[in-house]
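S.K.: Each chain, letter by letter, is given below.
There are 2 protein chains.
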Amino acid sequence: MTKIIECIPNFSEGRREEVIEGLAGVAKSVPGVTLLDYSADASHNRSVFTLMGDPAGIKAVAVALAKYAAEKIDLTTHEGEHPRMGAVDVIPFVPIKGVTMEDCVEIAREVGEAIAANAGIPVYLYEEAATKDTRRNLATIRKGQFEGMAKKMAKPEWKPDFCSPSGESAPHPTAGVVAVGARMPLIAFNVNLSTSDVNIANNIAKIVRGSSGGLKYCKGIGILLEDRNIAQVSMNMVNYEGTPLYRAVELIKAEARRYGVHVTGTELIGLAPAKALIDSAEYYLQLEDFNYEQQVLENHLI
Amino acid sequence: MTKIIECIPNFSEGRREEVIEGLAGVAKSVPGVTLLDYSADASHNRSVFTLMGDPAGIKAVAVALAKYAAEKIDLTTHEGEHPRMGAVDVIPFVPIKGVTMEDCVEIAREVGEAIAANAGIPVYLYEEAATKDTRRNLATIRKGQFEGMAKKMAKPEWKPDFCSPSGESAPHPTAGVVAVGARMPLIAFNVNLSTSDVNIANNIAKIVRGSSGGLKYCKGIGILLEDRNIAQVSMNMVNYEGTPLYRAVELIKAEARRYGVHVTGTELIGLAPAKALIDSAEYYLQLEDFNYEQQVLENHLI
Chain Y
25 MTKIIECIPN FSEGRREEVI EGLAGVAKSV PGVTLLDYSA DASHNRSVFT LMGDPAGIKA
85 VAVALAKYAA EKIDLTTHEG EHPRMGAVDV IPFVPIKGVT MEDCVEIARE VGEAIAANAG
145 IPVYLYEEAA TKDTRRNLAT IRKGQFEGMA KKMAKPEWKP DFCSPSGESA PHPTAGVVAV
205 GARMPLIAFN VNLSTSDVNI ANNIAKIVRG SSGGLKYCKG IGILLEDRNI AQVSMNMVNY
265 EGTPLYRAVE LIKAEARRYG VHVTGTELIG LAPAKALIDS AEYYLQLEDF NYEQQVLENH
325 LI
Chain H
25 MTKIIECIPN FSEGRREEVI EGLAGVAKSV PGVTLLDYSA DASHNRSVFT LMGDPAGIKA
85 VAVALAKYAA EKIDLTTHEG EHPRMGAVDV IPFVPIKGVT MEDCVEIARE VGEAIAANAG
145 IPVYLYEEAA TKDTRRNLAT IRKGQFEGMA KKMAKPEWKP DFCSPSGESA PHPTAGVVAV
205 GARMPLIAFN VNLSTSDVNI ANNIAKIVRG SSGGLKYCKG IGILLEDRNI AQVSMNMVNY
265 EGTPLYRAVE LIKAEARRYG VHVTGTELIG LAPAKALIDS AEYYLQLEDF NYEQQVLENH
325 LI
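Chains as they are written, first to last, in our numbering: chain Y, 25 to 326; chain H, 25 to 326.
Hints in this document: simulated from the structure, not taken from any laboratory.
You may find that some hints are simply not true.
Any copy, or any two copies together, can satisfy a pair, since identical chains are not distinguished.
SDA-like cross-link-like pairs, simulated, lysine to any residue; straight-line CA separation at most 25 Å [to be verified]:
hint	residue 1	residue 2
1	277	92
2	277	196
3	240	102
4	91	325
5	243	315
6	176	263
7	243	313
8	52	318
9	230	311
10	183	230
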């Protein structure tokens, strides 16, 4: 069976087109790797690349991109809305086909070691690849951002998983630090409400998200879509098998009824695995004894 | 882009295991072809094979299977519940990936010509490959079955599209005739009702199916599932883009309410393309601006 891993590196560059195109050029130059998509946001001053490849290709491209980012991006002069701690800020590996989460954890470790050795950037392993529970959450690692990293790393508990060749627990002077990890595919999924009251979206987001007692693998906030003047529950579904899309939608519908509000539509941002959507079809169509691997034709072709 | 065609030949043999395994052996021997599934039904005395392959492989395997069936299956002594007219009864080609319906029509014509020439079985082209409107429907071609075929074929309007090398419009003496065609993927999809009254299922089937004024690409009958003592609307969805699964389910739910009956579950029999299920997820999740080709991750991998 073909082995396919997704890698979604985030870079702290969303303005200089030549650097973004340079990163794309590096991504396209590695055999066994497909660059599916890349997009930059100027106000965040950040870009996100989506790559797919076999184990050897995906490891090689991650290391090559980290080296390129360290050469071209200088965090000492970087400004942008999005929190960041490194030139390449975060590198997650995601199991897609024929590989387990354990395989992706192993890949994250190998890539982390290679980035520290070859690009001189200290590496924290995060999420499923984390070596300590306190390092599972990216936001915890990134707290203090680039500017606070030297002080943070002086504390023994923040010694990185892989130091630069100097062996010091200190950030790279211009490229900062990077989080490398393994996780399930993340699905950006938003639910639009028949109201312009963002407080309602916020109240519902609080109920639906795992952190405040809701669905374990759902993160969510309420936002106002100013151009459409509607409130939205904006979510990241971090494990679609543990928390399926339909469950979030149905819970939001139920809570919205309290306000006489209904769901006017939903949005899938970027890519989702077929199974995340087919799980919802299975629920709504009330399919009995459905076998995803066997009964979906395309699973016999990949 | 990889070209993939599905072929689902039906054989008039569901009892003699050595013949069924012999057909499977032929199917597995052709390069470029995968035998996804085969199953036999003794009371129907019929077996269904599901094959997937590139154009060259799928043409070769269809001709080889027809020759083998003509040698091993004798319709003069065949008994079974399912209507049939040939040793290999029907051979549909279905576009799956990187091929158009027109490509499948061309393949059906080439395979039909080769079967008539090499296996001596007269061929009717049906559905999208049909040369006359009266031959689009398989049931019309098969009417009269094997036993009535000699008389039927004596009529000028039933001269086959490809005659055996003798040039006569007459069935093969033991292997009958075969319909070869091209069609959209067929999805066998059943909806179970909270009643044991098969009349209710029949009434609903009549409303939902295209032939009596319902959904154009839906065929359906009411049946009683004796082991579970529940009535079922048993459907063939012959074009899931023209008539999506969810639309049949929702129409059945609406009509069932007249009887105080609800849908207890549904069944997908065999395979369905991912898109047929994802179209239903898109409807029920109320996805806005969803792009199947772009946003489903696996579409970038096949």
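S.K.: Run every hint past the structure and note whether it holds.
M.R.: A quick look at each hint next to the structure:
no.	hint	result
1	277 - 92	neither (46 Å within a copy, 58 Å between copies)
2	277 - 196	neither (47 Å within a copy, 62 Å between copies)
3	240 - 102	neither (34 Å within a copy, 59 Å between copies)
4	91 - 325	neither (36 Å within a copy, 27 Å between copies)
5	243 - 315	between (28 Å within a copy, 24 Å between copies)
6	176 - 263	neither (30 Å within a copy, 60 Å between copies)
7	243 - 313	between (30 Å within a copy, 23 Å between copies)
8	52 - 318	between (34 Å within a copy, 19 Å between copies)
9	230 - 311	between (31 Å within a copy, 22 Å between copies)
10	183 - 230	neither (33 Å within a copy, 71 Å between copies)
Violation of the numbered hints given earlier is confined to hints 1, 2, 3, 4, 6, 10; the remaining hints are satisfied by the structure.
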